[in-house]
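> First to last, the protein sequences are chains Y and A. 79 is the number of the first residue of the first sequence in our numbering; add one for each residue after it. 79 is the number of the first residue of the second sequence in our numbering; add one for each residue after it.
Hints are computed from structural coordinates only; laboratory data are not their basis. Keep in mind it's a predicted model, so treat the numbers as computed, not measured. Hints may contain errors.
It does not matter which identical chain is meant; a pair holds if it fits inside one copy or across any two.
Only pairs whose alpha carbons sit at most 25 Å apart, straight line, appear in this in silico PhoX-like list of lysine-lysine [what the hints assert, rightly or not]: (1) K341 / K243; (2) K243 / K92; (3) K446 / K466; (4) K134 / K326; (5) K326 / K131; (6) K320 / K92; (7) K104 / K254.
Protein chains: 2
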Amino acid sequence: MPAVCILDDFEVHKNEEFLKIAEELKPELITTQVKPVRLLYKENPGEGFSDKKNVKEEEPSLLSGKVLKKDDRVVLDFGDHQVGYVTLDLASTGSHQDAPLYLYLRFAERIEELDSDPAEYNGWISKSWLQQEHIHVDVLPARLELPRRYAFRYMEINVIDVSMKFSLVINDVTLKAVSAVSQDDVEPLAMDDPLLQRIDRVATRTLQNCMQDVFEDGPKRDRRLWLGDLRLQARANYQTFKNYDMAKRCLYLFAGMTFNEGKLAACLFLDPEPEPDDTYLFDYALLFGSALLDYYEETKDEKTLKDLYPVAMRQIEIGLDYLTEDNIVPDHSDEFWCFVDWGDGLNSQAASLAILIYSIRYGIRLAKYMGDTDRIDLLQKKEEELKKSAVEHFWDEEQQMFVSGEERQISWATQIWMILARVFPKEKNRELILRTIEVNPRIRMVTPYMYHHYIDALIRSDEKERALNEMKRYWGEMVHDGADTFWEVYNPYNKYESPYGSVMINSYCHAWSCTPTYFLRKFYEEKK
Amino acid sequence: MPAVCILDDFEVHKNEEFLKIAEELKPELITTQVKPVRLLYKENPGEGFSDKKNVKEEEPSLLSGKVLKKDDRVVLDFGDHQVGYVTLDLASTGSHQDAPLYLYLRFAERIEELDSDPAEYNGWISKSWLQQEHIHVDVLPARLELPRRYAFRYMEINVIDVSMKFSLVINDVTLKAVSAVSQDDVEPLAMDDPLLQRIDRVATRTLQNCMQDVFEDGPKRDRRLWLGDLRLQARANYQTFKNYDMAKRCLYLFAGMTFNEGKLAACLFLDPEPEPDDTYLFDYALLFGSALLDYYEETKDEKTLKDLYPVAMRQIEIGLDYLTEDNIVPDHSDEFWCFVDWGDGLNSQAASLAILIYSIRYGIRLAKYMGDTDRIDLLQKKEEELKKSAVEHFWDEEQQMFVSGEERQISWATQIWMILARVFPKEKNRELILRTIEVNPRIRMVTPYMYHHYIDALIRSDEKERALNEMKRYWGEMVHDGADTFWEVYNPYNKYESPYGSVMINSYCHAWSCTPTYFLRKFYEEKK
Chain Y
79 MPAVCILDDF EVHKNEEFLK IAEELKPELI TTQVKPVRLL YKENPGEGFS
129 DKKNVKEEEP SLLSGKVLKK DDRVVLDFGD HQVGYVTLDL ASTGSHQDAP
179 LYLYLRFAER IEELDSDPAE YNGWISKSWL QQEHIHVDVL PARLELPRRY
229 AFRYMEINVI DVSMKFSLVI NDVTLKAVSA VSQDDVEPLA MDDPLLQRID
279 RVATRTLQNC MQDVFEDGPK RDRRLWLGDL RLQARANYQT FKNYDMAKRC
329 LYLFAGMTFN EGKLAACLFL DPEPEPDDTY LFDYALLFGS ALLDYYEETK
379 DEKTLKDLYP VAMRQIEIGL DYLTEDNIVP DHSDEFWCFV DWGDGLNSQA
429 ASLAILIYSI RYGIRLAKYM GDTDRIDLLQ KKEEELKKSA VEHFWDEEQQ
479 MFVSGEERQI SWATQIWMIL ARVFPKEKNR ELILRTIEVN PRIRMVTPYM
529 YHHYIDALIR SDEKERALNE MKRYWGEMVH DGADTFWEVY NPYNKYESPY
579 GSVMINSYCH AWSCTPTYFL RKFYEEKK
Chain A
79 MPAVCILDDF EVHKNEEFLK IAEELKPELI TTQVKPVRLL YKENPGEGFS
129 DKKNVKEEEP SLLSGKVLKK DDRVVLDFGD HQVGYVTLDL ASTGSHQDAP
179 LYLYLRFAER IEELDSDPAE YNGWISKSWL QQEHIHVDVL PARLELPRRY
229 AFRYMEINVI DVSMKFSLVI NDVTLKAVSA VSQDDVEPLA MDDPLLQRID
279 RVATRTLQNC MQDVFEDGPK RDRRLWLGDL RLQARANYQT FKNYDMAKRC
329 LYLFAGMTFN EGKLAACLFL DPEPEPDDTY LFDYALLFGS ALLDYYEETK
379 DEKTLKDLYP VAMRQIEIGL DYLTEDNIVP DHSDEFWCFV DWGDGLNSQA
429 ASLAILIYSI RYGIRLAKYM GDTDRIDLLQ KKEEELKKSA VEHFWDEEQQ
479 MFVSGEERQI SWATQIWMIL ARVFPKEKNR ELILRTIEVN PRIRMVTPYM
529 YHHYIDALIR SDEKERALNE MKRYWGEMVH DGADTFWEVY NPYNKYESPY
579 GSVMINSYCH AWSCTPTYFL RKFYEEKK
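Turn these sequences into a full structure, and let the hints guide you.
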C-alpha cells in the first residue's frame, strides 16, 4: 500500500526568529571510535546467516592477515548497533596493483539482512535507502573514508575484483560513531529483572542512535524529523539523556515552518536547508500541543511556551474546522491523512476524532499554564461535545466496542485512542481495554508507535502490571529476536511484515520504538 | 588465454638521478571544457544502439527539461573521444527530496558498448576496468564532481531510483578534458585524400588522449607506460605534437627503474609513486635502444644519449645471454615472455630472434653516435652470426617462408620481423613480404601494433603504395566502423576479437594504434 502525501497547494511560511533559535541549538555531535569486535563467516556457505548455527566467529585481529581475491568476502561485527562514518585502510599484496580495486559494501542492522539480495528489492519506497556501495579504488594503499553515514552493526566487504597479479589486504576498518548524546549520561535502569534491564538498554541505544542533528525517526532510512516520533522521543529523552535543547530545537523547527493556513507539516527536512515536507498528518499536527506540554512541564521554559502556544492552538482550530455537521471527522481512510498506525486496511475515522479530543485536553492544560481563560472555556465545551458525538456515532452498544468508518470496523487502534481521549470514565475505559484484549480484534497493532499508546492506555487504566507484562511480551520478544535497537515495525503475528513491500527496507533502529525506557523509568523504577 | 607475468625474484634498482630528471619533466596537463553535443535515444527501446537506424538524436539543450523518474535514462554524446573528469549539476523537482538519489553511470568509447551488460563480463582481466559507477546523492541540488577519470564519447545516466515524491533534473553535465598536448599544435595532414585526412585526425586524437602524465597505452584501461607502446607513440609524437619532454621523461623513467641484472620492465606504474611492473617482455626490453635512437636523432640531446646508452646496451647483452648453443632464442611460446602480438597460438620463437637482430642493428647505430668502436665490432659480428642462424634454423626453403617453434608454425608476425631484422637483402625481403600477402598465413596479425610493423616492413621493402593501401584498408576500415580513436585490437577477419575474453574490456583508444600519422607525415606528406 503505497502511502505518501503530495500537496498541490503548498505555501510555506517561515518564522525566521523561530528558525534562528532552532539553529542556535544545533548540537555538536559526540564522536566515538569503534572497531569491529569479531569477524563472522558461514560454516556452510550455501546456507544463510539467519541460521545461527551456521554463523562462525573469528578474532578481528585476523582481518589484516587475509589475502582477498575476486569474490572473497568478509563480514565485520561491530558488536552493537552503530551510526556513523566508516574508514577502511586498504593495501595490496602480490605484484604491484595493476587494475582498480572494485568493492561492494553492505551495511546491515541485523545479520539476517545479509541473506537478502538488494537487486531483488521491489518495495514502493526508494531502493536508494538500501545501504550498499560499489566502490572503485584506483590507487592502493588507500585510506578510504566513506563520505556517507550508515546505520548498522554488520558490515560486509565483497571483493568484486582485484586482478590476477595483486590481492587486497584490509589493514583496518574503523567507525566514527556519532550522536548528540552519550550512554555515559544515563544511569542503568534500577530494576532487577534482566529482561527489563535489557529492554531499557536497547531502548536507550535506539534513542541515542536517533539523536543526531535532530530527533531522527530512523538513522538508516528517512532520517528526518517527524512530529509524531518527536513527541515520543522527547518523552524518552526526558527520562534518560535529558537533552532539553534538542527537544526545544525540534519544537521551534516545526513551529518555524508552517504552511497554508498555519498547518504544521508532518515532517521536516534539514538539508540543504530546513524545509517542511508537503505532508499533512491530522494526528501528528494535533499532537504538537502534547509535545509542547511535555516540554514545558519538564523545563518550565516560559519563553518557549509563550512562543509556541499559538501554533499548538492553531492546530486544534484547524482540526475543529474539519468537523462535519454531526461533529465528527470525515472518513479519509483511503488517504495518507491521519497516520495512527501502519497496518493494512485500518480505518482511522474514529481514531481521528479521538486524537482531536485528546489534543483538546492537552490544549486546555496549555491554556491553563498560559492563563488563557476564554480558550479554556471554549475548549472544555468542545471536549464535551466531541466526547458525546464520539459515543453517539462510534460506540456499538451491542459489541461494547468502538467502530470506525462506514464499514463499522473494530480495531485495536480505535479502542486505544478512545481510551486515551477519556471518552468514558476511567473504570469504563478499563473495561474497554480488557475487553479489547479478550476480543483481540483482527485489525491489530503493527508498530511500536501504536504499542506505545496501548501501554499508555493500560497504565492510565490502572493496569500497570499488565502493561509491564505486555512490554515484556512485545519489546522483550524483539530482544529475543536479536534486537540491538528497537525496530520500526514489529508485528508478533507476522515478523516479516513491512509497510513498504519488503523487510529489506525496514528500519531496525527506529525512534518511536524507544519508549519502554520512558514507561519503565517514569512509572516503574523506584525513585532514587 | 590469460597472459600475465609474475616474477618471483624481483629486485628493483632505482637510479634516483634519472628519476629526478623524469619528475622534473612531468607535464602540466591542458584542460578543456567540453559539453555534450547531442542526446541519443533508441527509437525502439527493445533494440540496441548498434543498429544505427535505431539511434535518434535530440538537442543537448533539452536535457535540463527532462523530469527523470525511476528507470529513466539519458545518453549524452560528447561528439568525439574524450579523456577527463565529469561534473553533473543535479537538482530535484516535485516535492522535496525525501530519499537519496541513486544513479548508475556508464561511460562508453563506442555506442555499441551500451548494448552490453557489464554484469555479464567474464573475461580474465579485472572487471574493475569497466567504466561504471553506482552513486548515491543524499542531498539535492548537488554539484557532483566525479573523482575518477574516464575515457569515453558516450555517457549513459540511469536513474536507479528517486522516490514517489521527487524526480531528478540534470541541469548540466560538463567534462574537463585533459591531455599533455593540444590539437591546435598539429597542422592538418597536407594530403588530399579525405580518408587519409580522417585516418590522420583519428590517429592524432588517439595519441593526444593517450598523452597524459606519461604516454599511456590506453586511457580507459591499463593507463600505464608500456615500453613497446612508448616507442611507437614517440615516433608519432615527433611527427605531430613534438613534445620531446614527454619522450625524454618516459625514457628516463624506464632507465631509472631496472631490476635484477639490469633488465628493463615491460611497463611502469606512476602511482602512488613510480614503480616497475614485475613483467619482463624480451622484445619490449630490446626495443628500448630503438626508442632511444629515435629520440636522439630527433633532438640531438647528447646528455640523454650518454645517460641511457648503457641501459640500452645492457638489454642487448641480456638478450644475447638467452641464446642457446645453436645461437637461437629458446622457445618460450607457452609463456607471456615475448609479446610480438596478441593472437591465439602465435609462436614467437623466430620473431624473438629477429627482434634481437633488429635491436642489435639499432645498437650499432647508437654505438656509432657514441663512438664506441669496440661495441660496434662486437655487435656487427653478432648481427651476422644471428642472421645466419636465423636462416639455418627457421627458413623453410620449400615453403619459401620462415617457420617458428617445434611445430614449425608459419605466421605473418615471423615474416615481418625477419624482414625488419633484414636477415635477407632488400629484394629478397620484398619477395618475402609479397609472398606472405599471397599465402596469407592463418596465424594473422590482430593488433595495430603488429600492423605497424607490417606497414614498416612494406615501406622498407619499397612497397610504399601498397603500404598506403594497407593503411587505408586496415585503419580506414576502423574509421568506417565508427572509430573516433584507434582501437587496441582490430582483426578485420574477426571484429569481435578480444585478447581478454570479452570485447567489453577492450580499449578503443590505444596508443600503439596511432602510427598512421607517423607513416603518412614521414613518408607520404609533401614536405612544406
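> Look at each hint and say if it fits the structure.
Results of checking the hints against the structure:
no., hint, verdict
1, K341 / K243, "between (63 Å within a copy, 20 Å between copies)"
2, K243 / K92, "between (60 Å within a copy, 22 Å between copies)"
3, K446 / K466, "within (23 Å within a copy, 114 Å between copies)"
4, K134 / K326, "neither (46 Å within a copy, 57 Å between copies)"
5, K326 / K131, "neither (47 Å within a copy, 63 Å between copies)"
6, K320 / K92, "neither (28 Å within a copy, 63 Å between copies)"
7, K104 / K254, "within (20 Å within a copy, 38 Å between copies)"
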